[in-house]
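All chains, full assembly: derive it from the sequences and hints.
Spelled out, the chains give:
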Amino acid sequence: MNKLFVLDSYCAQSYEGLENFFAPQKMRRLGILSKVSLYCAAKLLDNQNIDLHAFKQNIGLIIATSFGPISQTLSFMDSIIFDGDILASPITFSSSVHNAIETTITTSLNLQGPVLTISDCYNSFLSSLATAQCWLASQMCQTVLLGAADERHPICKKEFGQKAFFATGAAFFLLTLSAGKKFIVKNITDPLNPADYAFNLSKKYQCLLSKKDISKIVADLIKTYLASKKIKTMDVFDTPKISDLFLNIDEKIQNEIFEQIKKTFLIDSEISKENLLEQCFISYQKNEQFVFSTSGSTGQPLQWRHSFAQIREEVKGVASIFSNIKRIVCTVPTHHSYGFIFGLQLAKFLNIDIIYQAPLPTLLWRNFLKAGDLLITFPLFLKYLKNIDFKFNCDVKVLTSTSPCPDTLMDDVIKMGAADITDIYGSSESGAIAFRKAGDKSFKLFDFWEYEAKDMQIEKIYRKDTNLEVVLPDIAKLKSERNFYICGRIDQAVQVAGINVYPQKLEQILRGHDFVKEVSVRLGEKRLKAFIVLKEGVNFDEAKRNIYAYINKNLDAHHKPESITFGKNLPQTPFGKKADW
Amino acid sequence: MKNIISGFGLLCALGENIAAISENLYRQEVWPQYPKDRLESSFAGEYPVFCIDKNIWENKKAQESFSWIFLKKALDEALICAQIDRDSLKNMRVGVCIGTSVDASFNCFDFYRQWIKGEPNISLRPLEKYLKYSLAKEVLKYLNVSGISQTIVTACASSTDAIGIGSLWIQEDLCDIVFCGGADELSIIPYTGFIKLMVASKNACRPFDKNRSGINLGEGAAALVLESEANFKKRKAHKYGFVLGYGTACDAYHLTSPAPDGRGLRRALDFAIKSAKISKDDIAFINAHGTASIDNDLVEGKVYNEILNNIPVEATKSLTGHCLGAAGAVEACLTLISLNNSKICKTKNFQEVDEKINLRPVCKDMHIDNSKAALSASLSFGGLNSVLVLGGQAYE
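Chains as they are written, first to last, in the numbering used here: chain A, 996 to 1576; chain U, 3 to 398.
Be a bit skeptical, because a hint or two may be false.
Unchecked claim - Ranges between beta-carbon positions, derived for each pair:
1. I1277(A) <-> G120(U): 57 to 67 Å
2. G120(U) <-> K1410(A): 52 to 62 Å
3. N360(U) <-> P1019(A): 39 to 49 Å
4. I1277(A) <-> N360(U): 46 to 56 Å
5. N19(U) <-> A1049(A): 46 to 56 Å
6. Q35(U) <-> A1049(A): 44 to 54 Å
7. K358(U) <-> A1049(A): 48 to 58 Å
Bear in mind the hints are in silico, worked out from the structure with no lab data behind them.
Built from N, CA and C at the ideal position, the CB exists for glycine as well.
Next comes the structure, spelled out in structure tokens:
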């Protein structure tokens, strides 16, 4: 009978974050259940990129509540019993009526379509589905915002103890008759915890990628791509509209961007600027997969496809190593695997707010960060913060990834006042593999990985529950069960004129020259190429001559570089990883 | 939408059944009373209400609510009217959709008073019953059937919505037959609340009158039996009218006041009329919400003047009181009675036109064309507006 589909859902047990949507003074007289419900509804609409402040006539609202705002009802009774009816509060009365939640939501979110509150004890949520379906079928509205909201009945809590376990909470679903996932609902009867089932169900239907998330991912992808082409580079630090990013961009670049987006969201048809986000959303819902591209720090950029089951498993594992996180502050773009997993998805999993902040190292971060924040960042940014003598002045935890974080920098971050720092070891191919905290040089494998080792060296890792197998690119020596050290990169051979050659070998040899401070080697057009940073005070012409002679003496023809570039710093990505030149 | 009303039952301050109410609607020998025997309140001598006669509820059991007693009576009448025996329902897809307000709330004032004061050995039965109870489920149990059930609590529009949604269930082929309506009772909580919100009147209420001073609460119940054409044909029962259309829309304006421009009501009217596939010329009259509160009547009157000008408006709350969650169903039944009598009643207590509204409701009993449709409107707390389009027996 149920023909409903879920576009997205959201659940909340507190209203922390409500102030991001509405002025606190306007909310001050609302009961807790109304606030939690409003927050949940606002968050869901916002996630779907629906303008909260615009008048909306095509969204119907159904609230399913068993007890209604019971605390307010009891409070009104209290005022009659203890103060006498003459002193009873009219405000408490008006917020105690059963449809107070509905009223709060319609007035705050400007919902002008059909509206209903159903209070049919534990049957409220289930019975609401028939009406939602009829509203949609009879075109009374295009989507239905269905919310199950209840608070723990104070008397039940006292009289029935642990049996009345569900505290205040709300779960909202955005329903249609065609788009989204098929809504499968069981007949659950739990009079003491009437919203518990809907609350848990909403977690299952919550989009890992909402339309708002997709909008952010696409914008990040375009900004980063344009910056890599030296176009609109300052937009990387801003939040321009996607349509604005395309302004004055020639067709070739635009098509390249479209190709990147198609790869990322696994879209197999042509895409257009006008329907870009909708196409991404539909493809995401169809495929439930996402593609991360490597930065190209070790060669050509590669694409790695991850199922949402794998991502969910990973996020759950990462979440388990943190506690008391109230907000995530993310400096990594969301199309990047780490911004996606440790930022976007971790915030969703922990049901906390996330804000995105450009990695500009200024002292203003001191005012911006709050106690309970988890800062998602990368070593280069932490290094810059250290250089400006930044100090964390509240309980902020730091998660760093994207490139190896030196031990000394980890210690420095703690000295700067961070409550904790976690270094994640992983890659776009594998996602997070292991982690370590300051003061520990060894990494601990996340629980969702198993490994195979030979001679105390990890050869291969694989997921326990989802299908993913990875050969580590580094030499990982086991310290103890599931703990290992990284002891350098495994040599990766490349082909030069049909012969295996090793860029690392050339790097090692060049690094052994007295005039060389740093070096990077990778495959060029046909042969290897090298980038060299000379030590300070070295005469450039003399060094150049000397190094070419050194190469001729020490390297065979296949290992000799086709070109050598000299510079002040090795080329880096914005996250501090080695880049091509 | 065109669902058949094959039976209905009604109970309110005007009388105990359809026959009595059909007469009393025009006699209008009914007045609000001071509810000292029903409500233990400091205000009971000041603010009058419309009550159901004591003989209806004097045998009420302690665990039964007034609302259920009222609804059961109305339902019995509707079942007889519709010539339905309960066994025959087992072969039909049954729905129950009931609107209420007080009956869905934690309406255990005596229990709570004892509990909060920590009195010893209190029985938890009232609480246990409340946890598993709803009016709609009681109806299902009473009919001894299973099916979709829903208790709607959109305050004063609850039972208008219940009838509208019941009709949608049939229209969308979820049900063959739906028992819908509403029930509500006088209770210390809304009685005190409305007085404290300063919308209750110390006198008999005067809908749309210049000197109106607020509402009188009331109580009652109404039950309607709605059927699909196909189901009705199989049974060969009597036809009392039709639910032709339903519209509902929200103001999104204020927690307790209607939007001054009546935007939600306009859209609800528009949707209801469109869903009934009729034009304004096909409307015989409007049964207004007409609470006699300053804000409600002002908005409602302005909207009718602007978009349904010259269509007669009747307001019956000065005969029944404001029955809260039951009001919409009570008034839908009164609308049906008026259609089937080809006559609408004068608006009791109306004396003087309010120039701010410029609406004169029907001031003496008036003949209407029973082949036309009628509207029954409800405006509720939170700015929800719901409208039913009803046809009588003669509607084609």
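Consistency of the hints with the structure:
1. I1277(A) <-> G120(U): 57 to 67 Å: holds, 59 Å
2. G120(U) <-> K1410(A): 52 to 62 Å: With a Cβ separation near 56 Å, G120(U) and K1410(A) satisfy 52 to 62 Å, so the hint holds.
3. N360(U) <-> P1019(A): 39 to 49 Å: holds, 42 Å
4. I1277(A) <-> N360(U): 46 to 56 Å: holds, 53 Å
5. N19(U) <-> A1049(A): 46 to 56 Å: holds, 49 Å
6. Q35(U) <-> A1049(A): 44 to 54 Å: Check passed, 48 Å falls within 44 to 54 Å.
7. K358(U) <-> A1049(A): 48 to 58 Å: violated, 31 Å
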